Amino acid sequence: EAAVTQSPRNKVAVTGGKVTLSCNQTNNHNNMYWYRQDTGHGLRLIHYSYGAGSTEKGDIPDGYKASRPSQENFSLILELATPSQTSVYFCASGDVGTGPYEQYFGPGTRLTVL
Amino acid sequence: GDSVTQTEGLVTLTKGLPVMLNCTYQTTYSPFLFWYVQHLNEAPKLLLKSSTDNKRTEHQGFYATLHKSSSSFHLQKSSVQLSDSALYFCALNYGGSGNKLIFGTGTLLSVKP
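For the record, the sequence lines run as chains H and Y. Heads up: take any position in the first sequence, counting from 1, add 7, and you land on my numbering. Heads up: take any position in the second sequence, counting from 1, add 388, and you land on my numbering.
Misleading hints may appear alongside valid ones.
Listed next, the in silico SDA-like pairs over lysine to any residue satisfying Cα-Cα at most 20 Å (straight line) [said to hold, decoys possible]: (1) H:K64 - Y:T412; (2) Y:K403 - Y:L470; (3) Y:K433 - H:R16; (4) Y:K433 - H:T22; (5) Y:K433 - H:R51; (6) Y:K456 - Y:T412; (7) Y:K433 - H:P114; (8) H:K18 - H:K64; (9) Y:K433 - H:V95; (10) Y:K433 - H:N35; (11) H:K72 - H:T22; (12) Y:K433 - H:L52; (13) Y:K465 - Y:T412; (14) H:K18 - Y:N429; (15) Y:K433 - H:T46; (16) Y:K433 - H:I84; (17) Y:K456 - Y:E430; (18) H:K64 - Y:N487; (19) H:K18 - H:P114; (20) H:K18 - Y:E430; (21) Y:K433 - H:R117; (22) Y:K433 - H:D45.
Simulated from the structure, these hints should not be mistaken for laboratory data. These numbers come from a predicted model, not from an experiment.
In isolation and in its complexed conformation, chain Y is listed as follows:
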């Protein structure tokens, strides 16, 4: 069935280093992918959403590219900050699902000084 996989449960990095959080998906329909960010004790908020195949989208220093050939939408940032410490969810909307989203299990990013 349709699914989203985030392989890392926890990523710990030192401030200033680059990061990539993995997201792969499975669907036979046309996909829309999203990254949501959730800071401690807050609601999930949209970070960025996919565009067309192989086109990069960016927001707040984060970027991701939808690659349909590899069913991936990895989240990247060139230099993480302490304030980036949060839980990151990848989510899939696919044609035929109405407006429902399927969420991955989330990756906790912890940035150390």
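In isolation and in its complexed conformation, chain H is listed as follows:
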């Protein structure tokens, strides 16, 4: 089965601080995704990537950056964290070859911004 890991699993940050969430997948999938999950909103796409060196904006990219330095790793960066970014963040990977278009999710990171 597909393996996606995230670190840290829990994070408390201060307003205005920088936060980096990391994701690693060992499935050799080309595509990776970052979502946030909030009650009443489901899963919303922040950024995604089609491969190393590429990042694309999702539906709610404001206040977030992404980095894909390698096939396996995909990071989400909050340069200036705000309390509104308190949420649970999920990373996912997927490829057309595992499809159609199925995505495999990591365990999530719970971020609290004070």
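Since the structure of chain H is already known, use the hints to place chain Y on it.
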């Protein structure tokens, strides 16, 4: 624009009863639909995915049929168990979206003894 609608936020049932969770979608492209299940403090996992129009797909006792005529992909089970208590998401992939998914807001299924 393209969207997924799940009308029930919370469904509470007694063990052994049937359940149907609603999912409708909107897209002008050819759709693929998915149901993901998320147990408490766990990651979402794929439950089942759509096949061709009007064909039923099944997994772990759950089933769903894609009906393009009504833009629906409702999730059903004939007899729910306590272990089915979880958050259920319907998701849409459509031609032209690349490999992106659009998720509904989710339905929390709570099964009581």
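Taking the hints in turn, this is what the structure says about them:
About 26 Å separates the Cα atoms of K64 of chain H and T412 of chain Y, which puts this hinted pair outside 20 Å; it is violated. For the proposed pair K403 of chain Y and L470 of chain Y, the alpha carbon gap of about 6 Å is at most 20 Å, so the pair holds. Restraint check for K433 of chain Y and R16 of chain H: the C-alpha separation of about 18 Å stays at or below 20 Å, so the hint holds. A C-alpha spacing of about 32 Å is found between K433 of chain Y and T22 of chain H, which places the hinted pair above 20 Å, so the restraint is violated.
With a C-alpha separation of about 16 Å, the suggested pair K433 of chain Y and R51 of chain H falls inside the 20 Å cut-off, and the hint holds. Between the alpha carbons of K456 of chain Y and T412 of chain Y the distance comes to roughly 10 Å, so the proposed pair stays at or under 20 Å and holds. Distance restraint check for K433 of chain Y and P114 of chain H: the Cα-Cα separation of roughly 10 Å lies within the 20 Å cut-off, and the hinted pair is therefore satisfied. As the CA atoms of K18 of chain H and K64 of chain H are separated by approximately 24 Å, the hinted pair breaks the 20 Å bound.
Note on K433 of chain Y and V95 of chain H: the hinted pairing holds, with a Cα-Cα distance of about 16 Å set against a maximum of 20 Å. For the suggested pair K433 of chain Y and N35 of chain H, the alpha carbons sit about 19 Å apart, so the restraint of at most 20 Å is met. Restraint check for K72 of chain H and T22 of chain H: the C-alpha separation of about 17 Å stays at or below 20 Å, so the hint holds. Using a Cα cut-off of 20 Å, the hinted pair K433 of chain Y and L52 of chain H holds, with the two alpha carbons roughly 16 Å apart.
For the hint linking K465 of chain Y to T412 of chain Y, the alpha-carbon distance of about 18 Å falls within 20 Å, and the restraint holds. Between K18 of chain H and N429 of chain Y the alpha-carbon distance is near 15 Å, which keeps this suggested pair within the 20 Å criterion. For the hint linking K433 of chain Y to T46 of chain H, the alpha-carbon distance of about 18 Å falls within 20 Å, and the restraint holds. Annotation: proposed proximity of K433 of chain Y to I84 of chain H is violated, straight-line Cα distance about 25 Å (limit 20 Å).
With a C-alpha separation of about 32 Å, the suggested pair K456 of chain Y and E430 of chain Y falls outside the 20 Å cut-off, and the hint is violated. Between K64 of chain H and N487 of chain Y, the direct Cα distance comes to roughly 13 Å. Compliance with the 20 Å bound is thereby established for this hinted pair. Of the supplied pair hints, the one linking K18 of chain H and P114 of chain H holds, its CA atoms being roughly 14 Å apart against a limit of 20 Å. Between K18 of chain H and E430 of chain Y the CA atoms are separated by roughly 17 Å; this keeps the pair inside 20 Å, and the hint holds.
This hinted pair checks out: K433 of chain Y and R117 of chain H have alpha carbons roughly 18 Å apart, not beyond 20 Å. Between K433 of chain Y and D45 of chain H the CA atoms are separated by roughly 17 Å; this keeps the pair inside 20 Å, and the hint holds.
Violation of the numbered hints given earlier is confined to hints 1, 4, 8, 16, 17; the remaining hints are satisfied by the structure.
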